[in-house]
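2 protein chains.
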Amino acid sequence: MKTLVIVAHPEIKESSTQLFLKEIAIKHEGITWLELNNASINNVEKNRSLLKENQRIIFQFPLLWYSAPGILFEWLRLNIKQTDDTWLAEKELGIVVNIGQAAKNYRIGASEQNSLSSLLSPLGSLANKLKMKLMPYFLIEKFEYLDEQKKKRLMIDYLQYLDLDQPISFEERQLWVISRLKKLVEVSKNDKLQLILNNVVEQKEKLDELKNEIKLIREAENNQY
Amino acid sequence: MKTLVIVAHPEIKESSTQLFLKEIAIKHEGITWLELNNASINNVEKNRSLLKENQRIIFQFPLLWYSAPGILFEWLRLNIKQTDDTWLAEKELGIVVNIGQAAKNYRIGASEQNSLSSLLSPLGSLANKLKMKLMPYFLIEKFEYLDEQKKKRLMIDYLQYLDLDQPISFEERQLWVISRLKKLVEVSKNDKLQLILNNVVEQKEKLDELKNEIKLIREAENNQY
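So the protein sequences, as listed, match chains A and B. The UniProt record's numbering numbers the first residue of the first sequence as 1 and each following residue consecutively. The UniProt record's numbering numbers the first residue of the second sequence as 1 and each following residue consecutively.
Derived by calculation from the structure, the hints in this document are not laboratory data. Since the structure is predicted, the reported quantities are computational estimates derived from the model, not experimental observations. Each residue gets a CB set at the ideal place from its N, CA and C atoms; glycine is no exception. Be aware that one or more of the hints could be misleading.
To be verified - With beta-carbon atoms standing in for the labels, derived distance ranges:
id, chain 1, residue 1, chain 2, residue 2, range
1, A, Ala110, B, Thr32, 30 to 36 Å
2, B, Val200, A, Arg48, 51 to 57 Å
3, B, Leu164, A, Pro167, 48 to 54 Å
4, A, Ala110, B, Glu29, 53 to 59 Å
5, B, Gln82, A, Pro167, 33 to 39 Å
Given the sequences, and given the hints that come with them, work out the whole structure.
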């Protein structure tokens, strides 16, 4: 998967969320990281060739005043034309959005009054107009309060969102984790990682055995009727 | 009514819609016209004192990629704080939005897929957070195709949106039109305007007479029972 991550944040260097995501994404093969600023948004030729080269386009931003930051809309205005549906069609559009509040506050009657789907609907209409395939948005909620365990989970989920075919089955997730771990073990020669890998592979084998048993039982049952 | 019109358009001078609205608004007492650009959005002191001085705040913009233009969100980020609800509360927030397409395309199942209320929902949540009173948005549809008659109508409706207490009764509209026309006649000494004014006043008197008759009939009916 070739993925372009377009990051819209007025002060990326001050954002612990964006720095965390950046560290994950830039180490990963096939992912291009593009930070929007007054210079980069005007480099139309480069921006359009990045869009052409990549199959999955990600808009990544914090929700600011209930919207994607202004610079993302400026980037859209300067770099995308209505007629670009001829070559953007069939590409995927993903949204990685982080909020400082609990997600449950985004609903009618709650403090923020509108759902995230409603607040992000301009990007939905954009995907529709450009005939792009819109992925379910990827939400990061109250990053500052995540413990180490949850951050590790976020790391894997985020990478899968950038890299894996959607929608993802449980089996695909397993295979993806195993292949990624194998690569990491090869590169790092880290014993702990090797143990984790062995453990994951073992788990998968056990699950496969169980699935096979269930299959045999079902077949036996079917033969009775 | 003291009204601040905040205009967000990347190329105001190229926009016949904005030039049309500007000509109406700047001639009108009590309306302050503020165009957003890279310089003006950073003048925080001035922007905040304009907000303080005015009772009705209008965001005016074309819908670009299904959203208010990026510069409006930049302006919000730079000039408004979450805690500003202490002094923005009870002020009114209006939205003047123009679209190049028919409004009927903005609904589920139609070409643009989302309603304007959904696309503009970030501004709804903003008003809610700041405890401002959100006015129904004022829509200008396909301005380029309006004939002279419709432009005149738009002019009056737009001025009323900026100036008149909301919601507006029919009678308030009439009185407002008469008082505005009287002022114009005083200033311009234009005979045509005088004729229009006479006509409007006459119409209002006839309507009042009819209303009075209806009232008398109703009273008579009530006395029968």
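A quick look at each hint next to the structure:
1. Distance hint check: the CB atoms of A/Ala110 and B/Thr32 are about 35 Å apart, consistent with the given range 30 to 36 Å.
2. With their beta carbons about 55 Å apart, B/Val200 and A/Arg48 fall inside the hinted range of 51 to 57 Å.
3. One distance hint, 48 to 54 Å for the beta-carbon pair B/Leu164 and A/Pro167, holds here, with the actual separation near 52 Å.
4. At roughly 41 Å, the beta carbons of A/Ala110 and B/Glu29 sit outside the given window of 53 to 59 Å.
5. For the pair B/Gln82 and A/Pro167, the beta carbons lie near 36 Å from each other, so the given range of 33 to 39 Å is met.
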